[in-house]
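Student: Sequence:
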Amino acid sequence: MSSRYIFFSGKGGVGKTSMACATAVQHALQGRRTLIVTTDPASNLADVFEQPIGHHITPIAAIDSLWAMEIDPDQATEEYKARTLDPIRAIFPPQMVAVVEEQMSGPCTSEIAAFDRFTDFLVVNRASQPESFDVIIFDTAPTGHTIRLLELPAEWTRSIELAERGSGQTCIGPTATIQAAKVKYEQALATLRNAQQTEFVFVLQPEAISIRETQRAITELQRLEMHNFRLIVNGIIPPAALETPLFAARAKMQQHYLATIASALPYPNQRMTLFDGEIKGWQRLKQVAHALEDATATAPDLTSTVSVDLLGRNRFTRKGATSRRSWSAPLSAILAQIKPNSHRRTIFFAGKGGVGKTVASCVTAVWLARQGYKTLLLTTDPAAHLGDVLGVAVGDAPRQIAGVDHLWAANIDPKRAADQYKVRILDDARRRGRPEGAIQVMAEELDSPCTEEMAAFDRFIDYAVQDGWDAVVFDTAPTGHTLRLLELPVEWSKQIDVKVFASADASAADGYAKARFGQVIEMMRDPAQSTFAFVLYPETTPIVEAYRAAQELATVGIQPGLMVANFVIPEEATTTPFVQARRAMQEHYLAEIGERFAAPQLTIPLLPQEVKGLEMLIELGEQLFQPMPELT
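Residue 146 in our numbering sits at position 146 of the sequence shown; the count goes up by one each step and never skips.
Don't read these hints as lab results, they were simulated from the structure.
Don't take every hint at face value.
Estimated spans, in silico, between C-beta atoms of each pair [unchecked claim]:
1. Arg83 x Gln626: 55 to 61 Å
2. Thr555 x Ile618: 36 to 42 Å
3. Ala402 x Glu78: 50 to 56 Å
4. Glu615 x Gln197: 47 to 53 Å
5. Glu592 x Val465: 36 to 42 Å
6. Ala591 x Val423: 51 to 57 Å
7. Gln626 x Arg416: 36 to 42 Å
8. Gln287 x Ala98: 53 to 59 Å
9. Leu335 x Val465: 24 to 30 Å
10. Val392 x Thr576: 34 to 40 Å
11. Gly468 x Arg83: 47 to 53 Å
12. Leu224 x Pro93: 39 to 45 Å
Cβ atoms here follow ideal geometry from the backbone N, Cα and C, with glycine treated the same way.
Turn these sequences into a full structure, and let the hints steer you where they fit.
Tutor: Laid out in structure tokens, this is it:
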């Protein structure tokens, strides 16, 4: 009997890792040999299980029959390069090996290496595996990245076939050395399409963006001929919290979206209520595993029990403002990190998926524009939601946002950017008189999935160096993706250097590209021009991920300028034991944020409903950033 494969996916912050870990515990408790693997570059399995794990199969100490592994992109890359280069070293001279090694120094290799390690679990026979498992659970990265990962078998197969008809080179090595990988990826894709072996579990919360993200992801998987889907609707407000008006309002909002899920996503589903604390450690995971077994497809009927102003006309009370100021840094310290000075201000919002980066970036951009600063709001996130939050359509090119003077927004489309990037690079090469053979090599290098990421960053650079903007607000992708994005100029420069082997006249164009990247990197490093704002909610996982990201940024000379703590329960809302327990947990972590990060802290309160539309963004911006004379 073959192993059963279960993939957990969903928008960041919906509880995907918690549900994946609890499901793994559930299978292990039922006596199945279970392995949980994460492909998320910002992995936190170790945090949930409260023990070291790392880039190897590790037994979970508290639970028999359960193992875990966190695929480390850097280690996977070194392993992949060693497997690829060792056979070449045996038959080719060192000079040729050096060229191939340089060709494999770019971001493409990192991504395919992680995917290559991931596919090992899908295609290795049980008889030959060091450990045999009944169930293998994959805690994948947030949805946009996951879809890209699952598309790689088809994309890389096409890239390999095109390269075979050309120079025989790809950005991940010579085609002769990766033919076995091509076969493996085809087998992996067949396993993913086998509904008897593979199940896709989408974790979502009863909110509009989470529902749309799930619909989009399922459509993409269906296009790839994958069809076995199940849902876990997470974070439902429990009856114990309904006496608190804030949570009663959110519960009524959820009831509307639960009805939407039932009609728009007709798949088997389980419903999980919100817990009064974090899901981490053996005892809590065991509790959630049992709750999953008992999860039903019903929710409390709130029609007659809740009467709340969902328009939120009294959302932001002065009492709430006082609470916010008590947790935050002085308003002047916060404004110094977001307002332009003698330079244009570029603000990067980073953080774990689902922490509220898009809301934070939108409310900041709207507020800056209303202060008279000509502001551009951008995202390169493949799962972007700027239009959802702003309540207006946002396209690939900057357009002025009606209703807010001085505000423009753009959602950079990676696929369209890649097409335009390829044309521009190749046309430039022809204008510079490069030989046709060199142009063919460049075309093959550009015809790979990771060109999209590079092209999207390249488009961002175009806007970042434009004159005329007072402020540029960048709503980034989740943390692991963001760090790879920021590393691309350095990594891609290595790829550019390789082209010199094919054409000696490359240096001028390459020097221009490096100077252009260098200009933007220096801007990112200058706190007078740029602010890196980490958005997180006060729980362990987002704090740890932000801390790791800050350490990574420090290696390239970038320090956090602002910490944004989101979904903070206002003190006046703590009217039930359930809410009091969650608030006490948050207070502990709000203090930890202050201890871990040497940057001012802004808090955004938990609100009765989703932040959507310009009216709500304007009101929230005034609450967060406007001076309050009666408190001074």
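Student: Hints first: check each against the structure and report whether it holds.
Tutor: Each hint tested on the structure:
1. Arg83 x Gln626: 55 to 61 Å: 58 Å Cβ-Cβ, so the 55 to 61 Å window holds.
2. Thr555 x Ile618: 36 to 42 Å: This hint holds: roughly 38 Å between Cβ atoms.
3. Ala402 x Glu78: 50 to 56 Å: Given range 50 to 56 Å: holds, Cβ gap about 51 Å.
4. Glu615 x Gln197: 47 to 53 Å: Check passed, 49 Å falls within 47 to 53 Å.
5. Glu592 x Val465: 36 to 42 Å: holds, 38 Å
6. Ala591 x Val423: 51 to 57 Å: holds, 52 Å
7. Gln626 x Arg416: 36 to 42 Å: Distance hint for Gln626, Arg416 holds at roughly 38 Å.
8. Gln287 x Ala98: 53 to 59 Å: Between Gln287 and Ala98, where Cβ atoms are some 55 Å apart, the hint holds.
9. Leu335 x Val465: 24 to 30 Å: holds, 25 Å
10. Val392 x Thr576: 34 to 40 Å: Roughly 38 Å apart at Cβ, these two residues keep to the hinted range, so it holds.
11. Gly468 x Arg83: 47 to 53 Å: holds, 50 Å
12. Leu224 x Pro93: 39 to 45 Å: Given about 42 Å between the Cβ atoms, the range holds.
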